[in-house]
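Build out the structure end to end from the sequences listed, making use of the hints.
There are 2 protein chains.
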Amino acid sequence: MKQVDKVTRMLARLPGLGPRSARRVVQHLLARRESLLLPLVEDLRHLAHSLVVCSVCGNWDESSPCNLCLDTKRDRSLLCVVEQIADLWALERSACYRGQYHVLGGVLSALNGVGPDDLRLAKLEQRVKEFEIREVILATNLTLEGQTTAHYIAARLARLGVKASRLARGVPVGGELDYMDEGTLSTAIEARQKIV
Amino acid sequence: MKQVDKVTRMLARLPGLGPRSARRVVQHLLARRESLLLPLVEDLRHLAHSLVVCSVCGNWDESSPCNLCLDTKRDRSLLCVVEQIADLWALERSACYRGQYHVLGGVLSALNGVGPDDLRLAKLEQRVKEFEIREVILATNLTLEGQTTAHYIAARLARLGVKASRLARGVPVGGELDYMDEGTLSTAIEARQKIV
Numbered sequence: 004m005k006q007v008d009k010v011t012r013m014l015a016r017l018p019g020l021g022p023r024s025a026r027r028v029v030q031h032l033l034a035r036r037e038s039l040l041l042p043l044v045e046d047l048r049h050l051a052h053s054l055v056v057c058s059v060c061g062n063w064d065e066s067s068p069c070n071l072c073l074d075t076k077r078d079r080s081l082l083c084v085v086e087q088i089a090d091l092w093a094l095e096r097s098a099c100y101r102g103q104y105h106v107l108g109g110v111l112s113a114l115n116g117v118g119p120d121d122l123r124l125a126k127l128e129q130r131v132k133e134f135e136i137r138e139v140i141l142a143t144n145l146t147l148e149g150q151t152t153a154h155y156i157a158a159r160l161a162r163l164g165v166k167a168s169r170l171a172r173g174v175p176v177g178g179e180l181d182y183m184d185e186g187t188l189s190t191a192i193e194a195r196q197k198i199v
Numbered sequence: 004m005k006q007v008d009k010v011t012r013m014l015a016r017l018p019g020l021g022p023r024s025a026r027r028v029v030q031h032l033l034a035r036r037e038s039l040l041l042p043l044v045e046d047l048r049h050l051a052h053s054l055v056v057c058s059v060c061g062n063w064d065e066s067s068p069c070n071l072c073l074d075t076k077r078d079r080s081l082l083c084v085v086e087q088i089a090d091l092w093a094l095e096r097s098a099c100y101r102g103q104y105h106v107l108g109g110v111l112s113a114l115n116g117v118g119p120d121d122l123r124l125a126k127l128e129q130r131v132k133e134f135e136i137r138e139v140i141l142a143t144n145l146t147l148e149g150q151t152t153a154h155y156i157a158a159r160l161a162r163l164g165v166k167a168s169r170l171a172r173g174v175p176v177g178g179e180l181d182y183m184d185e186g187t188l189s190t191a192i193e194a195r196q197k198i199v
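From first to last, the protein sequence lines are chains A and B. So in this note's numbering, spot 35 of the first sequence is number 38, and the numbers just go up one at a time. So in this note's numbering, spot 36 of the second sequence is number 39, and the numbers just go up one at a time.
It is worth saying that the hints were derived from the structure and are not from the lab. Quantities reported herein were computed from a predicted structural model and do not represent experimental measurements. We put the beta carbon where it would ideally sit given N, CA and C, even for glycine. Errors might be hidden in some of the hints.
Stretch-level coverage of chain A by chain B, calculated; a stretch enters the list once three of its residues show a Cβ under 8 angstroms from a Cβ in chain B [claimed, not checked]:
no.: 1; region: 6-14
no.: 2; region: 84-97
No more than 20 angstroms apart at the CA atoms, straight line, and that leaves these computed lysine to aspartate or glutamate pairs for EDC-like [stated by the list, open to error]:
no.: 3; chain 1: B; residue 1: K9; chain 2: A; residue 2: D46
no.: 4; chain 1: B; residue 1: K9; chain 2: A; residue 2: E65
no.: 5; chain 1: B; residue 1: K5; chain 2: A; residue 2: E148
no.: 6; chain 1: A; residue 1: K132; chain 2: A; residue 2: D78
no.: 7; chain 1: A; residue 1: K126; chain 2: A; residue 2: D64
no.: 8; chain 1: A; residue 1: K197; chain 2: B; residue 2: D46
no.: 9; chain 1: A; residue 1: K9; chain 2: B; residue 2: D64
no.: 10; chain 1: B; residue 1: K132; chain 2: B; residue 2: D78
no.: 11; chain 1: A; residue 1: K5; chain 2: B; residue 2: E135
no.: 12; chain 1: A; residue 1: K76; chain 2: A; residue 2: E138
no.: 13; chain 1: B; residue 1: K9; chain 2: A; residue 2: E95
no.: 14; chain 1: A; residue 1: K9; chain 2: B; residue 2: E45
no.: 15; chain 1: B; residue 1: K5; chain 2: A; residue 2: E138
no.: 16; chain 1: B; residue 1: K76; chain 2: B; residue 2: E135
no.: 17; chain 1: B; residue 1: K76; chain 2: B; residue 2: E138
no.: 18; chain 1: B; residue 1: K5; chain 2: A; residue 2: D64
no.: 19; chain 1: B; residue 1: K166; chain 2: A; residue 2: E138
no.: 20; chain 1: A; residue 1: K9; chain 2: B; residue 2: E138
no.: 21; chain 1: A; residue 1: K5; chain 2: B; residue 2: E138
no.: 22; chain 1: A; residue 1: K9; chain 2: B; residue 2: D78
no.: 23; chain 1: B; residue 1: K9; chain 2: A; residue 2: E138
Short, incomplete list of chain B residues facing chain A, as computed with Cβ under 10 angstroms [claimed, not checked]:
no.: 24; residue: M13
no.: 25; residue: P18
no.: 26; residue: R26
no.: 27; residue: Q30
no.: 28; residue: V44
no.: 29; residue: I88
no.: 30; residue: A89
Below you can see the structure in the form of structure tokens.
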């Protein structure tokens, strides 16, 4: 059972899985060899060999530049800066944004030794200079590091004369005040909006 | 991103994963293509192609009969009957049992249309007749269906003149009485043991 143990240990390293759930996954896969395990292996292998990082925005796709960057229906004067590809996907799922993206690949973090040169900032500035970008939306996370990074980028973009914006803050849709932290509530009160 | 979505949907069918965690797993794997995704694909593929069901006990292994059945150090007169291979693995991890196993592959269930012929019962009786089995431990789950199955098998084994036993019932190690259900507590009281 050495092989089973090896795969179990690998699966246990995935987010959301532990040793016990990884074991259940292996058993589930082995019991469905033809219907699930073999197709999954094929698709994972295909994914591993076909996806590339887009040289423009940093997204994953089958081609570089990616389909989002090549899409002529998207607004090319609008650029949304996100930390990770997962954030780009989340925004795409909401289907509310029709501009271009730029993936930083992380956030500034003294603790983790991540400086400006470790993020895709040179490429961002190059895109801003090369194309007519009218606005950059800094959609980093509302964490301390995410906001530090957003402020740093905003300062650099100001030198290039580009307008930078950030996501609205407040109570999330469906949110109950009783469960919100003080920071969210005070932000929501400060930025309260007129009812029209 | 059709490929990514396809893999995500497949992963979301695994136990313990949902659409959101499956997405996180895909992102985690893609970000670690060389160190995790490709090795995992290789190992899963190897597992899918090398594991077979043991024709004797029903366990998975690289050979049939499996290593447990071939192990001459194990007691061949003792047979432990379990519902699933996962149960066999759980008992093996506890390292307290040194006999042979027999995997039923399920439990009797009128609701799910599982009858005696759908379980590996003929093979069990054949083993009991062919080899000198002195005791069969019925280690099915302590669910209604598991216990029904155990009683059914015990009755069939009685006709063959083989001793059948079951696992002890009571409060699990580390269990707090406050969190135990009434069934467990009443069983534990009834089957109380003398302190020596």
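Now for the hints, and whether the structure bears them out:
{"no.": "1", "hint": "6-14", "result": "holds (count 6)"}
{"no.": "2", "hint": "84-97", "result": "holds (count 4)"}
{"no.": "3", "hint": "B/K9 to A/D46", "result": "holds (8 angstroms)"}
{"no.": "4", "hint": "B/K9 to A/E65", "result": "holds (14 angstroms)"}
{"no.": "5", "hint": "B/K5 to A/E148", "result": "violated (32 angstroms)"}
{"no.": "6", "hint": "A/K132 to A/D78", "result": "holds (16 angstroms)"}
{"no.": "7", "hint": "A/K126 to A/D64", "result": "holds (18 angstroms)"}
{"no.": "8", "hint": "A/K197 to B/D46", "result": "violated (59 angstroms)"}
{"no.": "9", "hint": "A/K9 to B/D64", "result": "holds (14 angstroms)"}
{"no.": "10", "hint": "B/K132 to B/D78", "result": "holds (16 angstroms)"}
{"no.": "11", "hint": "A/K5 to B/E135", "result": "violated (31 angstroms)"}
{"no.": "12", "hint": "A/K76 to A/E138", "result": "holds (17 angstroms)"}
{"no.": "13", "hint": "B/K9 to A/E95", "result": "holds (17 angstroms)"}
{"no.": "14", "hint": "A/K9 to B/E45", "result": "holds (11 angstroms)"}
{"no.": "15", "hint": "B/K5 to A/E138", "result": "violated (30 angstroms)"}
{"no.": "16", "hint": "B/K76 to B/E135", "result": "holds (16 angstroms)"}
{"no.": "17", "hint": "B/K76 to B/E138", "result": "holds (17 angstroms)"}
{"no.": "18", "hint": "B/K5 to A/D64", "result": "holds (10 angstroms)"}
{"no.": "19", "hint": "B/K166 to A/E138", "result": "violated (80 angstroms)"}
{"no.": "20", "hint": "A/K9 to B/E138", "result": "violated (34 angstroms)"}
{"no.": "21", "hint": "A/K5 to B/E138", "result": "violated (30 angstroms)"}
{"no.": "22", "hint": "A/K9 to B/D78", "result": "violated (28 angstroms)"}
{"no.": "23", "hint": "B/K9 to A/E138", "result": "violated (34 angstroms)"}
{"no.": "24", "hint": "M13", "result": "holds (5 angstroms)"}
{"no.": "25", "hint": "P18", "result": "holds (5 angstroms)"}
{"no.": "26", "hint": "R26", "result": "holds (7 angstroms)"}
{"no.": "27", "hint": "Q30", "result": "holds (5 angstroms)"}
{"no.": "28", "hint": "V44", "result": "holds (5 angstroms)"}
{"no.": "29", "hint": "I88", "result": "holds (7 angstroms)"}
{"no.": "30", "hint": "A89", "result": "holds (5 angstroms)"}
The structure fails to meet hints 5, 8, 11, 15, 19, 20, 21, 22 and 23 from the earlier list, while all remaining hints are met.
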